[in-house]
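Q: Let chain S serve as the given structure and place chain E on it in line with the hints.
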Amino acid sequence: MTKKIAISVPDDVAERLEREVNVSAFVTDSVRSRMVSESVRAALTGFGFVFTDDEMARVAQNYAMLRASVTPDMRRRSAEVRALIKRSAS
Amino acid sequence: MYLALTAADGEVALVPAVCLATAYRDLDDEGASLLDLLSGLENVVVTPLERDECSLLGGWARVLGLGTAHAAIEAAATMTPLMTRERELVAQFLGPEWPIIDV
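Taken in sequence, the protein lines are chains S and E. The first sequence begins at 43 in my numbering and counts up one residue at a time. The second sequence begins at 36 in my numbering and counts up one residue at a time.
Hints listed in this document are in silico derivations from the structure and should not be mistaken for laboratory results. Treat the numbers as computed from the prediction; the structure is a model and nothing was measured. C-beta: ideal position from N, C-alpha, C; glycine also. Hints may be right or wrong, so weigh each one.
From the derived model, a few chain S residues whose C-beta atoms are all more than 10 Å from chain E [what the hints assert, rightly or not]:
(1) Lys-46
(2) Pro-52
(3) Ala-56
(4) Arg-58
(5) Leu-59
(6) Glu-60
(7) Arg-61
(8) Val-65
(9) Ser-66
(10) Val-78
(11) Met-98
(12) Val-101
(13) Leu-126
A few chain S residues that face chain E, going by a derived Cβ cut-off under 10 Å, partial list only [claimed, not checked]:
(14) Val-69
(15) Arg-74
(16) Ser-75
(17) Arg-83
(18) Val-112
(19) Arg-119
Bound conformation, chain S alone (with noise of 0.2 Å):
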């Protein structure tokens, strides 16, 4: 089932949905992966986790870093990692 709405947004938001073949679809995903934060979020509160703002942005930087940091040497591991898998294939 779907809902037709209509929405007000930014002017560089709207420039940036014209880009979009298929401006439903985007939004939708956009506002899924939010709602999976969301559910995410509040299931790790609801446990008894803590999020600070300030914790959040430290791990976030650091996650970013780690993002970052991908090596000549890492990729030659991961294939290597891989043709040892499918070696064991055949």
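A: Relative to the frame of chain S, chain E by itself:
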């Protein structure tokens, strides 16, 4: 906190099945409840152990133990950061530069 972060970024967190099983083995009932929660989160994917991975897993497990070995193999195959308390041991298999989140 990393789980919340990956969810906010629209990403998934991979939990290798053997790693999850060994965690259940090692924790009490309260810990098991937490594992139930974590493994059931919408942005968590419990990845199976495939037949093709068993030989490699067995070899790595001699040093890392089954759970950490499965996690290391999964991290290597998907080229993703690994969350572990065994940084030095894992480095023997993934190299010292592999991005590790220390538990």
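Q: Next step is simple, just say for each hint if it's right about the structure.
A: For each hint, the structure was consulted:
no.: 1; hint: Lys-46; in the structure: holds (25 Å)
no.: 2; hint: Pro-52; in the structure: holds (21 Å)
no.: 3; hint: Ala-56; in the structure: holds (22 Å)
no.: 4; hint: Arg-58; in the structure: holds (16 Å)
no.: 5; hint: Leu-59; in the structure: holds (17 Å)
no.: 6; hint: Glu-60; in the structure: holds (22 Å)
no.: 7; hint: Arg-61; in the structure: holds (19 Å)
no.: 8; hint: Val-65; in the structure: holds (18 Å)
no.: 9; hint: Ser-66; in the structure: holds (18 Å)
no.: 10; hint: Val-78; in the structure: violated (5 Å)
no.: 11; hint: Met-98; in the structure: violated (7 Å)
no.: 12; hint: Val-101; in the structure: violated (5 Å)
no.: 13; hint: Leu-126; in the structure: violated (5 Å)
no.: 14; hint: Val-69; in the structure: violated (14 Å)
no.: 15; hint: Arg-74; in the structure: holds (9 Å)
no.: 16; hint: Ser-75; in the structure: holds (4 Å)
no.: 17; hint: Arg-83; in the structure: holds (5 Å)
no.: 18; hint: Val-112; in the structure: holds (7 Å)
no.: 19; hint: Arg-119; in the structure: holds (5 Å)
Violation of the numbered hints given earlier is confined to hints 10, 11, 12, 13 and 14; the remaining hints are satisfied by the structure.
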